[in-house]
Structures are given as structure tokens and as C-alpha cells.
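Protein chains: 4
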Amino acid sequence: MSYVSFPSGKQFDFVAIGRLCIDLNANEINRPMEETMTFTKYVGGSPANITIGMSRFGMKTAFIGKIADDQMGRFIASYLQRNAIDTRNVITDRTGALTGLAFTEIKSPTDCSILMYRENAADLKLTPEEVSEDLIAQTKVLLISGTALAASPSREAVFQALYYAKKHGAVIAFDLDYRPYTWTSPEETAAYYNLAAEKCDIILGTREEFDMMERFEQNPERSDHVTASKWFDHSAKIVIIKHGKEGSIAYTQDGVGHRAQSFPAKVVKTFGAGDSYAAGFLYGVMQGWTLEKSMEFGSAAACIVISSHSCSDAMPAAADVHDYIERCSRGEITAS
Amino acid sequence: MSYVSFPSGKQFDFVAIGRLCIDLNANEINRPMEETMTFTKYVGGSPANITIGMSRFGMKTAFIGKIADDQMGRFIASYLQRNAIDTRNVITDRTGALTGLAFTEIKSPTDCSILMYRENAADLKLTPEEVSEDLIAQTKVLLISGTALAASPSREAVFQALYYAKKHGAVIAFDLDYRPYTWTSPEETAAYYNLAAEKCDIILGTREEFDMMERFEQNPERSDHVTASKWFDHSAKIVIIKHGKEGSIAYTQDGVGHRAQSFPAKVVKTFGAGDSYAAGFLYGVMQGWTLEKSMEFGSAAACIVISSHSCSDAMPAAADVHDYIERCSRGEITAS
Amino acid sequence: MSYVSFPSGKQFDFVAIGRLCIDLNANEINRPMEETMTFTKYVGGSPANITIGMSRFGMKTAFIGKIADDQMGRFIASYLQRNAIDTRNVITDRTGALTGLAFTEIKSPTDCSILMYRENAADLKLTPEEVSEDLIAQTKVLLISGTALAASPSREAVFQALYYAKKHGAVIAFDLDYRPYTWTSPEETAAYYNLAAEKCDIILGTREEFDMMERFEQNPERSDHVTASKWFDHSAKIVIIKHGKEGSIAYTQDGVGHRAQSFPAKVVKTFGAGDSYAAGFLYGVMQGWTLEKSMEFGSAAACIVISSHSCSDAMPAAADVHDYIERCSRGEITAS
Amino acid sequence: MSYVSFPSGKQFDFVAIGRLCIDLNANEINRPMEETMTFTKYVGGSPANITIGMSRFGMKTAFIGKIADDQMGRFIASYLQRNAIDTRNVITDRTGALTGLAFTEIKSPTDCSILMYRENAADLKLTPEEVSEDLIAQTKVLLISGTALAASPSREAVFQALYYAKKHGAVIAFDLDYRPYTWTSPEETAAYYNLAAEKCDIILGTREEFDMMERFEQNPERSDHVTASKWFDHSAKIVIIKHGKEGSIAYTQDGVGHRAQSFPAKVVKTFGAGDSYAAGFLYGVMQGWTLEKSMEFGSAAACIVISSHSCSDAMPAAADVHDYIERCSRGEITAS
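Chains as they are written, first to last, in my numbering: chain E, 1 to 336; chain S, 1 to 336; chain C, 1 to 336; chain L, 1 to 336.
Source of the hints: derived by calculation from the structure; they are not laboratory data. Any given hint could be a false lead.
[What the hints assert, rightly or not] Going by beta-carbon spacing under 7 Å, a handful of chain L positions derived as facing chain C:
no. : residue
1   : E130
2   : E187
3   : E188
4   : A191
5   : E208
[To be verified] The list that follows gives simulated cross-link-like pairs (lysine-lysine, DSSO-like), each with its CA atoms no further than 27 Å apart:
no. : chain 1 : residue 1 : chain 2 : residue 2
6   : S       : K60       : S       : K107
7   : C       : K237      : L       : K293
8   : S       : K107      : E       : K167
9   : E       : K230      : S       : K107
10  : E       : K230      : S       : K266
11  : E       : K167      : S       : K245
12  : C       : K230      : L       : K199
Note that the coordinates shown come from a computational prediction; the quantities given were computed from them, not determined experimentally. Glycine is no exception: its CB is placed at the ideal position from the N, C-alpha and C atoms.
Okay, chain E solo, but in the shape it has when bound (with noise of 0.2 Å):
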């Protein structure tokens, strides 16, 4: 059964609207980061690496962001071009904002801090104005991100593109993604965060996103139920509820709670994780797979990215997802 209708005849699959920033991540692992002396350079932010998963799928992608005017911005952007993802939409910053920035270390698979240079950040400039709306007129699916209802105007940007998204027939998916720092209160995101869902037909969070949202509702028992239905009163199809090991469930608008397998990992660290299930999930979704396959090739993405040193980079081909589903249901491949 097909929870979500995607238009057709349009020129790209996926386009997403958001964060463009750069990993730096520990080349040394089971250390500190205070001890950490190498990093090594990838694209990252939550919709840049969802797309570049969704375009190593196969899928017809472009991207709607900002730049810095500097070498990390040209890298970006150059990158994705490597990628085949459309930069048509990706405009250069002349404000001197800059890239931002995240470094991560790697203690453990288990215990990896991330430090942000989020300051000024150029992602955050783009206006709507600059919000092509041929280029939503032409998607499939949008794809929004919280971190880009952080701060103005990038906001009015993204409510914009959910204008023309709903103009113009798009399947609008919204990776909750919410990152505290960019933020003035918890009240703040809230008001914003409910405003954007209330217009998206797929909403994928984790229960502690989902808490966030509802800081001034009553769910005291903290229901993934009552969180769902509130979102089928305004435009959902599809709410995915996130309890990290304990799994995903996805509910749908007849009141269904759909759950899935999940796979072993040799996890080297968790970032990324959700970005690549993202990707899995949407492509399957796409596909006109069940919720429940969608589910598993999401989490089977996930666990190739989990296994590797970057996010972005790490990015698994259609292939590749579907070889580990099989070597997993085999038994060669074992937790860490």
C-alpha cells in the first residue's frame, strides 16, 4: 500500500533546503580530541549528506543553500557538483559569512563529542528571495532540515519553499535535525519547528526532537501515538519516531505503528547515522517499497556509514545497501 503519491513528470527526484558545512574529522581514533592532531576535510550538514546519499542512489538531485566566499564554500559546492547534485540553487555568500564548521573525535564508537563553529555561518544568510521557484516546481520531493529554521532569514527562506512546494504539488519531507547551539530557546525552535511540520507530508525525528515540539502540549507519557496524531490533523502522511538501538517506528494516517528489522554494525562512530537512514528510507518510500522494506534499507545504509571514518563521503551506493542486507542475512557480518 502507497502511503504518499509522488507527482510525475518532473525534471528532479529530491531537492533539499539547508545546512552546507564542513566535518573536520579526528584521523586519530580511541583518543580525546584535545589529543587529536589530524583532521580530515569532508562536506557535511544534514541535508547536504541526504542528498549526496540520495544521489549515489541514482536519484535526479539538487540543493538550495549558501555558500561562504572562500575556499571551504568552493570545496562544497565543487563537491557536490562531483556528486551530480545540481548547484544551480547553491549561492555564494558576499557578506563574509563564514563555512560552518564541525569537529568531531572519536573516542569510541559510543562516545564521540562534536564541536561546532556555527558563528556568522553563511548557510544561515540564504534569503527567500533567493529561493528558485522553478527549481521547486520541478522536485518530486523537498526535503527541509530544523537546523535552517535557526535564524533569519534562512527561516523565511525555508517557509518559502514550502509555499512553493505546496504551490506546486512536492512531497515535502522534514528531517527534524535539531542542533541546540543555533538556537536562543527551546521555545524559540518549538514555535518554528510546529509552524514547518504542520505544511510537511513526512516528518522523521527522534522522540527526543519529537519532546521538544510538544514543550508546551500535554503528552506526559511521552506517546509516539499522540505525537503522530497531531500531525495527521494538518498535512502528514508519514510520522517516523526515532528511539535509536531500540528502532524506528513509522506511523501512518489509519493510525498504524510500522516497525522494522534492524542490522549489526562494526561501528566505528554514530554520526551520521540518521542521515543515512534518511536517505534509505526516502529512496525506498520512492521506490513504492512497503513502509517496513524502506524501513530496512534505511538502517542498512546507516550501518555502512556507521562503519566508515565520514558521513558524506561514506555515503553508500543502491548496491552497495542491498549487498549488506544479504551478507547480513547470511551472518557474515557480526555487531562490533
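We have chain E already, so just place chains S, C and L on it with the hints.
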């Protein structure tokens, strides 16, 4: 025919959220502000004026807002209380914010400029968590005003109030009240005005204000009908578009445009016309009058205010408005 | 004996740099500001008041400052010109800055509070490159005022003016005029006050203002002698420390402390006492009078100002001050 | 002949105040930063580098500064301590400030750009009250660096340190180190550089840096002699003006200009040349060497640093510098 039905069993008839400030009106008339030497102090701010108007009409009213912890703030609270407006949700700022000021000149009845002081204004410091759900649960009508959307956290407080009003079934009125000086850009303004208007039952604004909201839309002929129709796809029941001296038109969901007669006045200055009109119109609609009669009542209330020196202090009682209409019908009042 | 020698052959006697603002003085007296309903507009700001005073004494004066591009700014420029103050170096801001405001109440002659509006104040936008070297080269005295040090770029403009004054041999007077509300911290204040005072010939301030400057120094007994001595190691020739009702003491480089008699007054309010004292004292010193006679002239000028409603507008002519002194000597004036 | 005499009986030879940051140096050379994929982390910042240099020469050193409360800040403190630099006055910021970053590329020995991250930098948060008078009372030399003057409260902290150094007789060295990106305008920069330089005994800078300071002065031929003379009217004993490849010239109060020979080097990159020169020169002067010998020692130290990958980590011991000079004199080192 009733276009809006108001909930019953509520403690308050009317609650407004937004700007509370001070008007400093020129005492000497027929001269520019440079040559105006003394000023008289009044409570000001569009939602404050409308609430004072409603209270004078005998409505049970309350206000949600924030005042500076200074002599001006204390004067505002005291004036509201003397006008029988409940101030339990008028919060005193503790961060050193200032009371917004509006100096006026009265060069001629049709040529009056305003000098605004809006830096670090206390009214824009209202936070979502300071908005009382109980108060909104106990009102028939919630009025929001556009200037409160101009900055955080006041903007989020308005969206929080809208959430509570929807939840508890209050009728929501939106007085657009667009003042460019507190906004970063027209694009930012359009974004939040549209998000707010989607949730409102009654929308009142000038043609120019609706033009600003349609910045990214197609309405090249500035058709009132096109403008109004858009909002009936969301929550609106009544959309009033004001054309200054040419009068106003009220659209209803059935596609009908309603017009009403206007009245002559001996104009001192034009400030406050919109606020008294809004108060009079909303009062009429709440009495169950026809739109035409409600509009006439609003027009007559406006005539009384523009014939006097202040906005807030000149708000008439209902009997005064009825009397004005009668005197006009007897030809006792002619234009200045 | 002459403690300071003034250069000759200069076009101007006196040039001041710094704050130009508007006082809005309560018309109704013996009540708090909350209950004050009308206000009268005057030019204000300590260096403006002193310059107006000097001009009324017959000195050839000019002002270096910045005004808002609005009705208040134009009123200030016009008022200075009407008082024969050269405004060639009074620049109009083009960034949307506002005129600083000071609302006063007159609860009693000794209990009057001020409500300041100093956000985005135009006078603090003066830049170093806007300071006219020619003008400073053509003055006998340059007066600086502490409030102009509170923020960039006005602070740098003052240091630029000090550089020009040193270069061209103008006598530099520093009216400390410390107003906490425009400063970030007392430590920041102390830093710039001390850097400026090092370059000044005549320093006038209250005991509390000198205490603030000695924040990081050892003067636990708050000795005026210790305070004054420090500045004679730099550029100072005269240091005046004001002790309110207990009178003032003027130190000179020879280590002598000079005191003068004070006069009775029918006090309306205390605002403006310091400015009229400074004008009177500096006028006396420029006439070659003894310090004692100059201090007396300053005191009498202050008595006249505090007996009237405004600061700037009440600045007396020299004949008025002499007359006041004579009437006091004849016992015609007694304290209120 | 000795141009500066250093106080005796002090616990420290050398204390610096100012910037502490992180250099992220390109590992791959001969390519632009866009194509640089890995970076190595070093402590950076001109005064930090100079202090590390002084410590490696065997001087007893301490640092006055502020670090972020994060992994980068802790690395900096730990590195200073491992280099025997006293960190009792290295304060940890608690406001969420970040460690400044400098990414470098090494395109060729003479063509290397830097990408700076200086928003909300922890080093600029040092306050005047955090500067230890005791520490400055116990040092022979205090070094200040221009970047610390770029913003409040760090700027006031430097003036506070200058006040303490004057009070306790420390020799003050000023490394101009002008970096445009942290300043609002060249006029602002000139104002504070000049105020600081007036209080310094030894001033080191490039011709371009002195030009910036002379923005409002008359030196159209950019004469080094005119530049140096100005400072001898204040506190200066030695003024060094650096002309890049053409070498440096040191002026002394007697009006004499001193020049020294330079050395060949196999240049990897030019970063760090100024810092190692300053350390070498100041070390020489403190040893009582002639200016010429001190300048040569500085030049040789600089040659060692620019022949290696880092700035701070490459700072040589005194024996290494003597050895380099000897090898040059034997013709064993030639230019790359």
C-alpha cells in the same frame, strides 16, 4: 446572516496581544514637529487602542503584553486598569527594555508625520511562556496585531497565542498594522504575516498591507477578490480590505463583497482611524449586527477619534457612536 | 596668578565635542513622571549646555557632534545656530540613528529622576574622520565630555580631537559627566576615562566620578589630594573635584587646594547645575580671573539654572550672573 | 651600548598578553586550500608563538590570556604548560566563546593564504579585572600584541596591563601584529594602536603597519625616520620597522638607524617569520647584545621557522639558532 459564531460561556469578550506604547502628541497644531515645543502623553499602540475602544463599548477585555520597568510602563498599566482592562497578563520586563514612543506633529489634518522610538522596545520582549493559556481559554475573541510579529521573542509569543486560541475555540482577529521600521526586510515581513494570517478568522488591513503579504504571489491587478479568496482556503471567515477615503470592502466566504456608507468628520488628524474602526467593527460583529451595520459603526467611531487630539483617550462609548450616526443622518455634522 | 595660558590668534574661544540630545522636561511639578502629562522640549546634553552657556557669556563657540536625520536633529541644529554657535562640524547621521532623549520629572527640588533613551543614539555615531582638524586648530579651548567615550566610533572621534588639540596647542578641558547607562562596565569606563584624562589640562568631576576612575588604584580614603596629584604627572594644570552641597575644591600643580563661597538659590530642580558651573568657571579662567573668582562665577551661574525649568534655555548672560552675585551679597536672595 | 635597561629581581623574564588560538596547517603542500584534505593542529597566535620562542630560549615566561572552555582551549593550556610557560593567568571563558582558528594552505613558499575564524573568539573576552597585577609586577618584560586591541573587553585588559607595567617598571614591547579582519575600521585601529604605542619602550612592526597608524598624520614619503621619531617623544627606546625581504631597520633614541645582515633559508612557508624574529630579537636585547647581533639572531630564528611546517612547534632553542648562523657563515645553507 452571521458569518462568524462566537463561543459562549467565556469570562472575557475580547483579549488582545501586542504593542503597548506611548504617544507624545503635539500640543501646538499647524506646525512641523521641529517647531512643536510641548507634547502630551497618551497610551498608544494599535492593539492597546482597540482594546480601550472595546472596553469603552462595554466589552469585558484583557491585554497580553509587556511593559518597561519604568515610569512610562507604570503609566500604561495604570491607564489600562482605569479603563477596566484586565492586566494580569501584562508582564513587566526586567532586562532594561524601554517603552516604545511615537511623537506626532499636526501640520494639517492630512499632513502629519510620526517619529518612532522602537529600539529595545519592551513590548517585543514578550515570550511564549509568558502567554497565559488560561486567559486565552476564557475569551471569545483574540486580537493579534502585525507589529508584534516583527521580532523575537514577541513573534513566537503571538504564534503561541494563536495555538491556544485555536485549541480553545476563540475567534481570532488579525489587525495587520504593518510598520516598516521594526522589520528587517519586506520578505521577512511577508513570511510571518502569511503564517499568522493562515490561522485567523477575521483579517483587517489596507490594500497596501495585503500587497506586502502578496510579495511572492501573482495578483498584478491587486484584486481585492483574489486577495480575499486566498484566505478563505485557510481559516478566514471575513476579510476586510481598506482603501482609505474610498472606503472599505468586507469579503465573506460566500464570495460576496460588502460595502457600507461613510460619514463626514471635522478632522484634526488621521492617527487612530484604523484602531477605532477595528474596535467598532468587531463590536458590531459581536453584537450579531450585519456586516454593513458593523462597518458603519466602525466608520463612525473612527470619525469621532480623528476629530480629537488623541487616539486612545478619544475612544468613544457606544452611545457616542450611535449619537454621531444619528447626528450625521440629521445633517448636523459636515466635513471640515 | 595664571594656572593655564590660552593660545592667542584663534578664531574660536571655545569648541566642544560630544553629546547633543533632547530634554523633555515635566511641565507639571511636584508629581512623579507617571503622573506628568505634558513635557516641554529643550536641547540637552552636557557639552551642548556648556557651549550654550559659553556663547551666552559672549564667547565665540563651535560644536563638533552628530545629530539624527529627523525632526529632533533639525531642532537641535537650529537651536545651536540661534545661539550663535558655529555648526559647520555638526554632522547629520544617515544610518537611521535616533536623537537621545531625557525625560525628567520634578517631584521636589531635591528628588527628580531622569528616564533616558540612548539606544542607537546619533551623537555616538560621530567618526574620527568627521572631526575637523581645521576647527580644532582654530580654538583656544577644546572641551570633551565623558559620555562621548561610551561607544565606538564616538570614542575614537574624541581621541582624534584630543590628538588635534595637542598638536595645535588648544587648552583641553574634560567634563567627566559619567552616565552609567551607556557603558558596558565600570572597568571599561575607567580605562577610557583615564586614557583621555592623561591628555587634559583642566579636569572637572564629582568625587564619585573620580572614584570610578580610580577603580584599579589605591586611594582608600578617597583623598582629593591623591586624586589630583596623579593628573599633574600627566598634562593637568587644574583639577576640580565637586562635593555637591559641600562645595568644590580646585587643585593646581603647586599642590594648593582652592575653595570658593557658594550662594543661596530657590531651587526648582538640580539638573543642569554642573553644566552651568563648568561654563561659568571656564569663562572666568579664560578672563584671567583668580580660581576663586572663577569658581564663584560658576556657582552663581548654577544657582540661576537650578532656579528655572530648563538647563540649556536657562543659561544666563554674564551680566545676569554678576547681578545674581550682587543681589546675594545684598541679601536679596535666600535659599528656598 | 645598551638602549633599554631591564629591571632586576623579577620572577619572570617575559610575560605576554593577548591572542591564543589554533593553527590548522595544510598537510598536503603545493595545492590550494580547496584541495587540501587534511590539516594538523598547532597552538597559534602571535604573542603565543613569541612566548613559546622565548621559553625555548630558556627565558622564564608566563602568559595572560583567555581560552575557550572546550577541547581546543584545553589543548592550548596543556601545550603552554608543556613548554614551561606559566598559565596561572590563562583564564577559561565561561560564556560559550570559541577558540580562534587559522586554516593555512601551502600553495608555494611565497603564495599561501589564511582562512580565519575569529567570531566570538575567547581571547578577546579577557577583562581588565582578570589581569594579574602581581604577575606583571614580577616580570622584566611585558609584550602586548595589536590583535588584542581589536575588541572590548580585551582592549581594556591590554590598557590595564600597560598601566600595571608602567607602575612596576616592566619594559614594554609592542608587536603591532595588525590583522584587519577583527577591526571595524582603519580609523578605529589607528586610534587604539597610537594610544597603546605611546606607552611602549620597544615597538616592532612592518612599514604597512606603521602606515596604518599614521592614517591621520603627515608622512607622505613614508619615512622610517619620521615614523620612529614620533615615538621617541613618548616612551619608546627602540622602534623596529620591517620591510620584508629588504630587511629591517631599528631606530634608537639617538636618531641612529641600525641594520643587520640576513640569512638564506629553504622556505616552506612564510607564516611565523615575524614571531620568531621578535622572539630572537628580544632575547638578544635581554642578553645585552648589540642591536645588530640581536637582529641577526632574530633573522636566523625566523629562517628556521619558515623552513618548517608550523609556527609555534618549530620555534628553535638558542643553540639551534647559533648553529644555523654558523652553518650559514660556512655556506652550508643556501636559499631554496
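Okay, the hints, checked on the actual structure:
| no. | hint | in the structure |
| --- | --- | --- |
| 1 | E130 | violated, 10 Å |
| 2 | E187 | holds, 5 Å |
| 3 | E188 | holds, 5 Å |
| 4 | A191 | holds, 4 Å |
| 5 | E208 | violated, 20 Å |
| 6 | K60/S <-> K107/S | violated, 37 Å |
| 7 | K237/C <-> K293/L | violated, 45 Å |
| 8 | K107/S <-> K167/E | violated, 47 Å |
| 9 | K230/E <-> K107/S | violated, 55 Å |
| 10 | K230/E <-> K266/S | violated, 54 Å |
| 11 | K167/E <-> K245/S | violated, 35 Å |
| 12 | K230/C <-> K199/L | holds, 16 Å |
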